[in-house]
Amino acid sequence: MKLKMITAATIIYGALLFTASCGNEGVKTETTDPAATSPQELANNQPETHGIEIKEGDITITSPLQKDLVSAGKSIYELKCQACHKLNEEKLVGPGWKDVTKKRKPVWIMNMITNTEAMLTSDPEAQKLLEQCLVRMPNQNISKDEARQILEFMRENDGEK
Amino acid sequence: MKHIFLKRVLPVAFLSAGLTGMQACKPKGTQSAVTGDAASKAYVAPGKYDEFYNFVSGGFSGQMSVYGLPSGRLLRVIPVFSVDPEKGWGYSEETKPMLNTSNGLIPWDDLHHIALSVTNGVHDGRWAFGNANNTPRIARIDLTTFRAAEIIEIPNSAGNHSSPFITENSEYVVAGTRFSVPIGDNQDVPINSYKDNFKGTVSFIGLNKDSGDMHIAFQILTPGINFDLARAGKGKSAGWVFFSCYNSEKANTLLEVNASQKDKDFIMAVNWKKAEEYVKAGKGVKKAVRYAHNKYNEQTHTAISTIEKEVLTLDPKDCPDMVYFMPCPKSPHGCDTDPSGEYIVGSGKLAAIIPVFSFSKIQQAITGKNYDGTFDGIPVLKYEAVLHGEVQKTGLGPLHTEFDDKGNAYTSFFVSSEIIKWNIKDLKVLDRVPTYYSIGHLSVPGGPTAKPYGKYVIAYNKITKDRYLPTGPELTQSAQLYDISGDKMKLILDFPTIGEPHYAEALPAALIAKNSRKIFKIEENKNPYATLGDKNARVERVGKDIHVYMTSIRSHFTPDNIEGVKLGETVYFHVTNLEQDWDVPHGFAVKGANNAELLIMPGETQTLKWVPEKAGIFPMYCTDFCSALHQEMQGYIRVSAPGANVPLSFSTGSTEPAAAQPSKDGSTVKN
Numbered sequence: 726m727k728l729k730m731i732t733a734a735t736i737i738y739g740a741l742l743f744t745a746s747c748g749n750e751g752v753k754t755e756t757t758d759p760a761a762t763s764p765q766e767l768a769n770n771q772p773e774t775h776g777i778e779i780k781e782g783d784i785t786i787t788s789p790l791q792k793d794l795v796s797a798g799k800s801i802y803e804l805k806c807q808a809c810h811k812l813n814e815e816k817l818v819g820p821g822w823k824d825v826t827k828k829r830k831p832v833w834i835m836n837m838i839t840n841t842e843a844m845l846t847s848d849p850e851a852q853k854l855l856e857q858c859l860v861r862m863p864n865q866n867i868s869k870d871e872a873r874q875i876l877e878f879m880r881e882n883d884g885e886k
Numbered sequence: 157m158k159h160i161f162l163k164r165v166l167p168v169a170f171l172s173a174g175l176t177g178m179q180a181c182k183p184k185g186t187q188s189a190v191t192g193d194a195a196s197k198a199y200v201a202p203g204k205y206d207e208f209y210n211f212v213s214g215g216f217s218g219q220m221s222v223y224g225l226p227s228g229r230l231l232r233v234i235p236v237f238s239v240d241p242e243k244g245w246g247y248s249e250e251t252k253p254m255l256n257t258s259n260g261l262i263p264w265d266d267l268h269h270i271a272l273s274v275t276n277g278v279h280d281g282r283w284a285f286g287n288a289n290n291t292p293r294i295a296r297i298d299l300t301t302f303r304a305a306e307i308i309e310i311p312n313s314a315g316n317h318s319s320p321f322i323t324e325n326s327e328y329v330v331a332g333t334r335f336s337v338p339i340g341d342n343q344d345v346p347i348n349s350y351k352d353n354f355k356g357t358v359s360f361i362g363l364n365k366d367s368g369d370m371h372i373a374f375q376i377l378t379p380g381i382n383f384d385l386a387r388a389g390k391g392k393s394a395g396w397v398f399f400s401c402y403n404s405e406k407a408n409t410l411l412e413v414n415a416s417q418k419d420k421d422f423i424m425a426v427n428w429k430k431a432e433e434y435v436k437a438g439k440g441v442k443k444a445v446r447y448a449h450n451k452y453n454e455q456t457h458t459a460i461s462t463i464e465k466e467v468l469t470l471d472p473k474d475c476p477d478m479v480y481f482m483p484c485p486k487s488p489h490g491c492d493t494d495p496s497g498e499y500i501v502g503s504g505k506l507a508a509i510i511p512v513f514s515f516s517k518i519q520q521a522i523t524g525k526n527y528d529g530t531f532d533g534i535p536v537l538k539y540e541a542v543l544h545g546e547v548q549k550t551g552l553g554p555l556h557t558e559f560d561d562k563g564n565a566y567t568s569f570f571v572s573s574e575i576i577k578w579n580i581k582d583l584k585v586l587d588r589v590p591t592y593y594s595i596g597h598l599s600v601p602g603g604p605t606a607k608p609y610g611k612y613v614i615a616y617n618k619i620t621k622d623r624y625l626p627t628g629p630e631l632t633q634s635a636q637l638y639d640i641s642g643d644k645m646k647l648i649l650d651f652p653t654i655g656e657p658h659y660a661e662a663l664p665a666a667l668i669a670k671n672s673r674k675i676f677k678i679e680e681n682k683n684p685y686a687t688l689g690d691k692n693a694r695v696e697r698v699g700k701d702i703h704v705y706m707t708s709i710r711s712h713f714t715p716d717n718i719e720g721v722k723l724g725e726t727v728y729f730h731v732t733n734l735e736q737d738w739d740v741p742h743g744f745a746v747k748g749a750n751n752a753e754l755l756i757m758p759g760e761t762q763t764l765k766w767v768p769e770k771a772g773i774f775p776m777y778c779t780d781f782c783s784a785l786h787q788e789m790q791g792y793i794r795v796s797a798p799g800a801n802v803p804l805s806f807s808t809g810s811t812e813p814a815a816a817q818p819s820k821d822g823s824t825v826k827n
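So the sequence lines, in the order shown, correspond to chains A and B. Count along the first sequence from 1, then add 725; that gives the number in the working numbering. Count along the second sequence from 1, then add 156; that gives the number in the working numbering.
Please note that the accuracy of each hint is not assured.
To give an idea of the interface, some chain A residues facing chain B are shown, with a C-beta separation under 7 Å as derived from the structure [unchecked claim]:
1) Gly776
2) Glu803
3) Leu804
4) Gln807
5) Leu859
6) Val860
7) Pro863
8) Asn864
9) Gln865
10) Asn866
Think of the hints as simulated: they come from the structure by calculation, not from any bench. Cβ coordinates follow ideal geometry from the N, Cα and C atoms, glycine included.
When you get a sec, could you build the whole thing from the sequences and use the hints?
Following this line, the structure appears as structure tokens:
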């Protein structure tokens with residue numbers, strides 16, 4: 726999986742931060758230097774709810790569906806996703822969600838939601854979708870837990886019980 | 157050639173008028189000496205940030221502008237007292253109440269001075285304040301959003317010039333009237349009854365320690381003179397505020413002559429701690445007034461304007477030991493307290509010396525009742541008794557003084573166009589540099605605080621002749637940046653500014669950058685017209701009003717086709733930006749709208765009012781580039797004749813042919 730490559734690159738990049746300060750779009754780390762006092766670093770170090778990388782071990786998928794997660798995921802969909810994603814196969818701004826959980830692994834889906842910039846920069850499947858849609862998926866300020874709720878809603882949309 | 161005459165001859169004329177013995181410093185040509193390393197000192201490489209934010213008043217533009225230092229890069233124009241179509245400020249229904257006054261909506265004002273909030277006399281990076289000089293108001297800008305959060309009108313004031321200066325712990329922002337005017341019920345009086353009927357006021361606006369919310373705590377009635385600038389004390393003088401005054405002659409015509417008769421005008425010293433005691437003791441008198449108090453709520457993204465009807469006034473006659481006058485030569489403008497709070501520097505703009513007053517001596521003179529008579533019943537302290545000393549051999553027309561971290565003062569000289577550096581303790585002149593033509597104010601980062609950062613002095617020029625490429629009769633306003641880290645001041649950069657920059661303040665970027673707001677959380681959007689998600693997008697008719705609940709996200713509006721609006725109806729577009737990403741506002745504009753656009757921040761809702769004037773199809777579109785498909789972010793609204801049988805309907809993504817049978821008029825149909 727390409728994600729492993731991203732993880733490796735992140736670690737190397739994080740190590741580089743201690744010796745050099747540079748910006749690299751797409752590969753964001755949560756590394757903070759407590760000694761940082763320059764405004765540049767202060768601004769970079771502001772917590773933001775995106776750029777969060779999800780790893781394989783972070784996700785537990787269970788059956789049957791967790792109904793509370795489904796309904797929370799539905800609310801987030803209606804507020805933040807529906808403007809661009811339909812629940813059938815039809816592409817609106819982004820791809821329709823029908824069968825997404827059958828085509829992609831949970832970790833891929835959740836990374837696409839919470840770590841969008843890195844995925845669009847490094848993941849070949851995400852890049853293919855960008856070529857089709859030509860609009861970079863916006864960061865919608867969604868936390869890891871919320872992404873998990875959206876995933877559960879997607880599973881229900883794909884007919885899982 | 158005229159400017160050469162002015163530059164060369166005017167100083168000579170002043171010298172020959174008897175002001176001999178001082179060094180006339182002529183402004184140099186456009187080639188003004190700049191040393192070889194100047195560019196590197198002002199250069200901030202692409203991708204690097206500036207060290208300081210510089211908040212600069214926009215003068216007659218009514219706005220506040222923010223520059224980076226040392227680069228001089230313009231970072232932001234904050235709309236405050238003037239409508240700003242770029243941001244929809246004063247055009248959107250949500251922001252219109254911010255410009256409400258007791259005279260109705262006023263789309264313009266004249267923002268003269270900046271004050272930044274302080275804690276223990278040191279910048280805390282929370283709020284910036286600006287004054288409206290024309291229709292007296294004070295604005296508080298929230299430095300997390302760089303937006304005006306509150307605007308309060310000042311009653312019993314006319315020409316709110318001597319404002320908004322702030323006390324040591326942001327307890328009060330002061331607002332002194334420039335013009336004295338008749339106060340009370342009968343204001344229809346002959347102008348030449350000035351001496352009998354005209355009064356001044358200085359207002360003390362209290363700030364809530366946590367929220368910054370403003371209220372007029374009390375006003376002090378003063379003799380009918382003009383107030384120019386002010387500074388609060390700090391350290392030992394923390395309980396005092398000093399106001400420079402002119403027109404102690406109480407003239408009401410041709411002031412350039414008639415208010416320049418006396419050798420000395422005044423600095424008014426107000427003991428605000430004492431004033432607080434009098435307020436507590438019930439010495440204040442409530443007066444009926446009307447003034448607007450406007451607050452912007454960042455949860456509802458909406459401003460609310462309230463008309464207040466009462467103000468508490470203190471009359472020095474009933475409040476002894478609260479107000480004193482100190483003579484100050486001549487038509488004083490600046491009035492600046494040094495970082496220790498011991499010294500108060502007056503600047504007589506028609507004088508050729510700088511008087512420096514001592515707070516300790518002021519206290520001794522008050523204790524010893526060392527008076528030189530009274531002025532309208534208020535004690536005038538003896539000049540010699542309160543003077544620390546005069547800086548001699550300066551230039552002509554000192555205006556404004558700021559301070560560095562090494563015990564030095566920097567004074568601008570309008571008439572002789574220069575900055576003079578001098579030592580506060582021994583009053584010796586240390587250095588002087590020419591500014592290019594007519595400096596007004598100046599600023600040192602942290603200069604008005606208890607702990608200046610020094611490093612730079614910025615000259616805000618009144619006239620910019622010869623600095624930049626010509627642009628017709630009018631030239632840009634300008635600032636000049638000088639490095640003051642060494643013994644000698646060195647010019648390192650010119651940068652253009654907007655309006656006429658008056659006061660400015662600069663503070664370390666680190667105090668503000670870390671708190672800067674990136675988005676408004678859509679979940680916290682409490683605007684009553686918010687559309688929280690596409691499924692709530694709709695169009696509703698309420699009487700003669702059409703409410704469009706619309707969302708925007710890269711790269712479309714929902715709905716993007718609306719039909720069934722009738723001429724004679726008013727359309728309100730309530731646009732909610734669903735984005736949750738930094739720096740992704742969407743704009744919204746409709747063809748023919750007699751208004752402006754909206755600029756809606758991520759997570760915000762804003763409303764554009766539109767009264768169609770003819771039937772037809774009107775395109776609407778996003779004005780702020782948002783994605784590769786930004787140009788496709790558009791829609792149509794159809795307006796029909798009053799009697800037309802077109803049902804109100806709306807859609808997004810519908811490719812169905814038009815409905816053949818319109819439903820009953822007034823109903824809502826979604827395609």
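Verification of the hints:
1. Gly776: For Gly776(A), the interface hint is violated, since the closest Cβ of chain B sits about 11 Å away, which is over 7 Å.
2. Glu803: Holds, because the Cβ-Cβ distance from Glu803(A) to chain B comes to roughly 4 Å (cut-off 7 Å).
3. Leu804: OK, holds: Leu804(A) within 7 Å of chain B, min 4 Å.
4. Gln807: holds (4 Å)
5. Leu859: holds (5 Å)
6. Val860: Hint holds; Val860(A) Cβ to chain B Cβ min 5 Å, cut 7 Å.
7. Pro863: Holds. Min distance 5 Å.
8. Asn864: Since the shortest Cβ distance to chain B is 4 Å, the answer is holds.
9. Gln865: Hint on Gln865(A): holds, closest Cβ of chain B at ~5 Å, below 7 Å.
10. Asn866: Holds. Min distance 4 Å.
Going through the hint list in order, the structure does not satisfy hint 1, though it satisfies all others.
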